[in-house]
Amino acid sequence: MATTLNIIESAYRATMEEQDDTVVWITHAMKGAGADVSVLLRGNAVNYAITGQKPPELRFGDWQQTHAAHIDEDIVSLIGKGVAVYAVEGDLVARGIAQTGLLAGVKTVDREGVLDLFENHDRIWHW
Numbered sequence: 001m002a003t004t005l006n007i008i009e010s011a012y013r014a015t016m017e018e019q020d021d022t023v024v025w026i027t028h029a030m031k032g033a034g035a036d037v038s039v040l041l042r043g044n045a046v047n048y049a050i051t052g053q054k055p056p057e058l059r060f061g062d063w064q065q066t067h068a069a070h071i072d073e074d075i076v077s078l079i080g081k082g083v084a085v086y087a088v089e090g091d092l093v094a095r096g097i098a099q100t101g102l103l104a105g106v107k108t109v110d111r112e113g114v115l116d117l118f119e120n121h122d123r124i125w126h127w
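Under this note's numbering, the first residue of the sequence shown carries the number 1, and numbering increases by one thereafter.
The set of hints was computed from the structure by calculation and includes no laboratory data. Among the clues, some could well be false.
To be verified - When the alpha-carbon atoms are kept at most 27 Å apart in a straight line, the in silico DSSO-like pairs for lysine-lysine are as follows: (1) K107 <-> K81; (2) K107 <-> K54; (3) K31 <-> K54; (4) K31 <-> K81; (5) K81 <-> K54; (6) K31 <-> K107.
None of these values were measured; they are calculated from a predicted model.
All chains should be modelled from the sequences, with the hints used to inform the complete structure.
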């Protein structure tokens, strides 16, 4: 079976309208359909790997967003389904994110580790 690496770099895209990250969602769907898929968080998307995120309440007049995105829980669920989730070390450091604050199961990779991921996947999808 072909392997796919989903690289997520653009963070929090459509999370208010859709109540989740669309790429994280499609990765769940792909895994559920039997795909062999991994995720690489880079750029601002390394924020997805932080524990304890709580989206702020959003309200416009009388309307309130009642189903806020919980990206950290979505990442934990992916890991629970057997999806390998990686975060680029340099991007974590650039944002002041300590490895001790990462979700359990998120693996960090340096530049060379990213190249290894590319070599070990048949398809690379960059979002």
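Here is how each hint holds up against the structure:
no.: 1; hint: K107 <-> K81; result: holds, 15 Å
no.: 2; hint: K107 <-> K54; result: holds, 22 Å
no.: 3; hint: K31 <-> K54; result: holds, 26 Å
no.: 4; hint: K31 <-> K81; result: holds, 8 Å
no.: 5; hint: K81 <-> K54; result: holds, 23 Å
no.: 6; hint: K31 <-> K107; result: holds, 19 Å
The structure agrees with every numbered hint stated previously.
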